[in-house]
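**Student:** What follows is the residue order along each chain.
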Amino acid sequence: MSELASWLARNAGIGHELATRIDRVEWHWARPAVLWIGLALLVPLGIWIARRHAARMPWLSRGRRRMLTFCRIGVLALLVFVLAAPFVRLEETIEERPVVAVIRDNSASMEIPVGQLPPDAVAGVAGAVGLDQPPPDDAASVTAIGDRLADWTRRELVDQLFAAQAETTLRQLSDAFEVRAYEVGRRPVRLQEHGGIATASDTGRGATSTDSGMSAAGVQPTQAVGLDPSDTALGAAIELAMDDASGRGLAAVVLVSDGVSTVGVEPIAVLRRAAEVNGGEPRAPVFAVPIGSVVPPADVAVVDLLVPAEVTLDDTVSITAAIRSVGLSGRQTVVELRDADGNVLESRPLDLADGRQQVAFSWKATAVGRAGLTVAVPSQDGEATAVNNARDMTVLVTTRTLKTLVVDDVARWDTRFLDHAIRRDKGFEPMFVLASAVDTNDAIPATVEGWAAYDLVLLGDAPTRLLTEDCQRTLVEAVEKRGVGVVFQPGGSHLPHDYQGMPLATLFPVEIEPPAGAEAGVIEAPDFEPLSMVVTARGAMHSAFAMSGDAAGNREFWSTMPSFFRAAAVVRPKPSSTVLAEIADPRGRGTIPLVIEAPFGRGRTFWIGTDETFRWRRNVGDPVFWRFWGQALRSTGRRDDKPWDTSWLMVEPAQCEPGSTVIVELNLVDDDKRPVEAGSQPVTLLANGESAAIELAAAERPGLYRGAYTPESVGRHGLAASSAAGQLAADLMVAASSRELARTAVDRGALRTLADLTGGAVLEPDAFSTLPYRLTEATVETNRTLEDDVWDTWPVLVLLVGMYCVDIGIRRLSGSA
Amino acid sequence: MAFLIPAWPLAAQDASDEQRQLGRVEAAVDRGLEYLAGHQEPDGSFPTGVSGKPNTGVSALCLLAFMGRGHAPERGPYRETVGRTINFLLKSRQENGLVVLPGGNSHGPMYEHALATLGLIEASGWLVEPEVRAACQQAIDLIVQAQNKEGGWRYQPQPNDADLSVTVMQVVALRAALNARLKVPTETLDRAVEYVKRCAKPEGGFAYQPGQGVKNAQSAAGALCLQLLGHHDDPAVAKALTSLQGKKYEHGMDQYFHYMNYYAMQAHFQAGEEQWAAWHPRVRSLLLESQNADGSWPGWHEEKINGRAKCYSTAMATMALEVYMHYLPAYQR
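Heads up: the protein sequence lines correspond to chains A and B, in order. Quick note on my numbering: the first sequence kicks off at 1 and runs consecutively. Quick note on my numbering: the second sequence kicks off at 1 and runs consecutively.
Don't read these hints as lab results, they were simulated from the structure. Worth double-checking, as some hints may not be accurate.
List of simulated lysine-lysine pairs, DSS-like, C-alpha gap at most 27 Å [to be verified]: (1) B:LYS304 x B:LYS248; (2) A:LYS403 x B:LYS304; (3) A:LYS481 x A:LYS642; (4) B:LYS183 x B:LYS247; (5) B:LYS304 x B:LYS53; (6) A:LYS426 x B:LYS53.
Kindly generate the complete structure, drawing on both the sequences and the hints.
**Tutor:** Here you go:
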């Protein structure tokens, strides 16, 4: 009966939630007075209508007359019904248990052995994971159990901890709270999404578990399906748990981890943001359960490599490796540079010392193409893991040499450093012209052919005396029609404002501010509030800012470069430009584009809005400074491998990490070398035996198409497209990051900070059982009212229209008006 | 091995001891600069005991100390301090291009001239006025003319005698001039190399003048000279640095410790990672430990150059620590 009522209500247009609980809803009238007065009036009115019909339509049959009267009275009754506005109401009280979010770190670093626990901690941990607790005065037993625990991996320790606490701690938690379980690797996952509640497995380490408590808590001991352990996104996991509990009480976030977050938003930033939204109060206390010994496991790792992305054939470049070691101080080892075939190209002795050490190699590019190189340190006795002892890289070796003209007013500091660095790189043939050092502008090309003899022109703070209007006009033509690249680095004395309204300004990828007094052309920071560059999301993918395969890492790295005091005064990027980095306007007018690139005809332009990039040398010297400049110049210079009049397909950068977005560009021309114009073009993607299609949108010039692609798996990703000349192909190499195992020690400090920030606590495994007693079990009662109108439903409308139609039909049939 | 790259993307969270040390260096340099700024004279010069009059050499050292931390003219918190000193140097020029205030100098004007020339050349990277470049070129021309027949320089701007101590300062100025694309005859540089090599001793190290004994300060100066003149691989360089590294590093190791320390730090940096790693930690340790509470450094045996304020020793110590920052173009490797 109830189901029938529910069905009828649902079909009558009552809301789903009310219809399914129709037996609990109450009927109400919004205007009951209208109902009663209407009904009271309806009786005499009905009698009057019936009599009137009988008197005025005597020729009608009795049946038709009654039907007509019924319709008239029915329409009036419906009018009263609608005016009285009936509705249904459901009132209920909901009891909600607070949520406890349990986040389990299941990243690759959890495969590192637990390590030797302090003797006074062994008994407690052994008890917590279900092993027999050794008597405190039995040193031999303590040592034996300690050794046994030391061999477990961190993941096994968590498995056994959860298994042993299943019927006690976890059961208590799930009785009093709604426990939501998450696992975290490179991304957090809700365990329920992956078949969720699993049976606790016996890891063979001594404690056999039952599944009941684990199931109740929704915490599974094995890795979730699809979890990528190559990184740890602790911040994202906390964020997800908090988002899931929005609108609910969140009693605690329990973080079972080694504390090392390697990717994504910082956990502290998530907690601070949550507190801001929560009126300054922590959203929930974080209880951190550090997994692993306080004594860092012995380890040596190759944690960083600084290698140019592109070098010229026969060039010798410096490859710098950062080696991080702990617990191996005093040992002598060698660091090797190997080629793709495993041959040792160079080895350097290294006396290991705790902390980071740097080793530099010289490598000569002897063959064109992608050269695979590896920096490796031999595995050491007693090392926690050897997975991080080597790191691979690829270097693109080309025969490309950019003939480069550098024009400036004076030898600014940036120019002086650039002068040295560019001469060391065999990929450039530089020529410098300083206005202050020449009396005439003979050295500046005056014709298109003259400019086209260069692949790249770097215009510093060049005065118009040197760069006459004729010179500018021919340069613009050389860029547009001959593909010459131009890099601008304004200094504020001449460029850009002296060129406003002149031919050169058409090449600027930005709109510049009109001149206004002595400070025209530059934006100056207050003395104690210098300008800081922020790389945009697009900039993080651009080859100028390439540092590693991780776009987020690139963005973070370049956005922490030392601040500076002056930037070119620009208003906005031109429509076809791409802003790669920006600064906050010290005048409070939003942001100002700082590094911008744009296509211009067959060439490209690049804008570096500060002449203080020398500050990027701080504590480092050339590697970072030239890394940016070399890559920026190479990306702008005329490219023979990317001519406008042939079809090509390329992906930039050509190597990245999973989850990092790359840009795919396709240039299509027909047999007559005319651009193929369309709204979009498909590109086929082949990765791990599966194919998919990417749609590239038409870009800023005819024939050019561009799109983004984010690979999720490691390995070679092949891209292919069809052209009039045949099949085009490009490769993207996707390699996992090495961040995850770069640091093998448990970061108790980070976990402590998270706990302290939120009023939580750090609970060592032996104190895990105290967790339920630390949480507030405040069940939240919520009163909820649901209402829905009954009068504006389709049955009422059908009834009204039906009766009206019957009324009219009878009148027509009987010949009355 | 030295670790000089504290902020690679993957190392952002790794607060290593080396990074903390670099933080200490920056803080020490900043305190040193505060001390100097507080002792600047109204005319832009800095007090010294070299003579009763303002001294372009010590003032130029102070200017370089500010610029070595990235405090450029016309921008940032020390813009006025830096600007006043540049004006002082420009106003101190004599008709022949000598950047030395006329009259009264106890140590030889070519010391001052070379330092002032270096300061002006580095500052010229920020100043577009043609007269600045002209002043720099005139000062360089004077250095070229003052080179003696052996290829070295001496106290006075006449090509008579020579010593390595004065010569190193001229070489640094010439190297800065090349960076700034000023005109420097190749012959001048070639002859300077000849002179410096003549000061090298077979047992390792350099002498003040050919035929004399090895001195630590001259070993540092000689090695740096050859490096800046492009002779990085000359055996005399490695032998000089090895000779220095074999000595007990302390402020008593040379009568002119700050002078020696500054050039030794530069020379070890120029020599590459291994030499640098063998040298810089001891310099850093000594300078960080010996800084006075007011930000200055003691003059030790060079107190007489300091005079009533410790601007000379503070500028020298600050510049030695600024090698970590890689800001001054003249010293790029």
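**Student:** So which of those numbered hints doesn't the model satisfy?
**Tutor:** 2, 4, 6
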